[in-house]
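Modelling step: build the complete structure from the supplied sequences, incorporating the hints.
Top to bottom, those sequences are chains A and B.
For the first sequence, position 2 (counting from the first letter as 1) is numbered 2 according to our numbering, and the numbering increases by one without interruption.
For the second sequence, position 77 (counting from the first letter as 1) is numbered 77 according to our numbering, and the numbering increases by one without interruption.
Simulated from the structure, these hints should not be mistaken for laboratory data.
Fair warning: this is a prediction, and the values are worked out from it, not measured in the lab.
Check each hint, because a few of them may be wrong.
Said to hold, decoys possible - Distance ranges between label pairs, derived from CB positions: (1) A:26 with B:172: 52 to 62 Å; (2) A:24 with B:58: 32 to 42 Å; (3) B:121 with A:97: 35 to 45 Å; (4) A:18 with B:174: 43 to 53 Å; (5) B:144 with A:26: 55 to 65 Å; (6) A:67 with B:42: 35 to 45 Å; (7) A:63 with B:174: 30 to 40 Å; (8) B:174 with A:83: 36 to 46 Å.
Unchecked claim - Examples of chain B residues lying across from chain A (beta carbon under 10 Å, computed): (9) 27; (10) 29; (11) 197; (12) 208.
Every residue, glycine too, gets a C-beta built ideally from N, C-alpha and C.
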Amino acid sequence: MIVLVLAFALGITLGLLANLSVPAVLLTYVGVAVLAALDSCMGGIRASLERTFDDKTFIFGFVSNTLMAGFIVFVGDRVGVRELYLAAVVAFGVRLFDNLGAIRRLFFERMGWE
Amino acid sequence: MDKLRARPVLVAVFAVLGFMLAVAFNSSARAHNTRGSRSADLAGVVRDMERDRTALQASLDELRGEVEGIDRRAAAAVGLQESFTKDLEEARVAAGLTDYAGPGLRVTLSDAAEVPPGEDPNSCLVHDYDLAAVVNALFVGGAEAVSVNGERVSGSTPIRCAGTTVLVNATRVGSPYVIDAVGVPADLEAALAEDVAVSLVFGEYTVRYGLQATKERLTEVTVPSYKGNVSPLFARAVSEGER
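Here it is in structure tokens:
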């Protein structure tokens, strides 16, 4: 677990050091992609706790979630329904809290608090 | 209790997540800076450019001084200093590159303090064409040098509207507009009185729209030198022989 936190901190540090910035037009893409990544990571932790973690599933899930999220934003832009990205935001948001709940439960179980 | 081991893939993706978050944070911070207040941003650009221009003008002045010095030395070397510097001085004066001082007239025009009820606010402002009319009338009256808010009116000076301000040369000037002219005060005043457009400014516009227009004879008025570019890009001088 500590390794995860360290990796996360390392990523943030690198990101800030790289000082990249995405044009304002693409900001929605980045936001949704971050949300997708966050969701995948939560899913990954949950799967680890449930002992069902599989490298391939995880990586594929991460990539496909992010791509699909980007695609939805793109389609929304093209079709003229800019708010379509909300679909991705809501879906990932719900899953995020779902996963968080599961993680909490599993964690308590492991700690024997339940 | 068995130790939970983080998979390398999960660790790697966490690093990626951190990276993405940092980039997203960076981008949105910047986007809000620039998108949040576009007009403020543009105003900043204008301010920056005006500051640059001031700096460039200072260096231009300096370089002109240097050129003058070099010209003098060169002329001295050839032994033609007298006539050469005299020619040069005359050319400078003709081009408006020297400050001018002498008796003259000062015309001050200001926007109306408040719009009289029922009048178009646009009518209560001093416009570029009002200034142009005054400047033109002053030249008609034999003005030898004219400046608007310290901007010398040269042979290639445009006076034009730029939003709520007026551009003279490339400088923004705003109300109150102070137009200084070196010349015979009585002649200048007569020319102003004869000009139809100027008479409107001093007459109807003042009475009806609340514009403020005053003229004042001065025994000594200084008109600063032209600060703009005098080297033509496309025109070339045609000498006597060529014609």
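So which hints don't hold here, by number, going up?
Violated hints: 1, 3, 7, 11, 12; rest satisfied.
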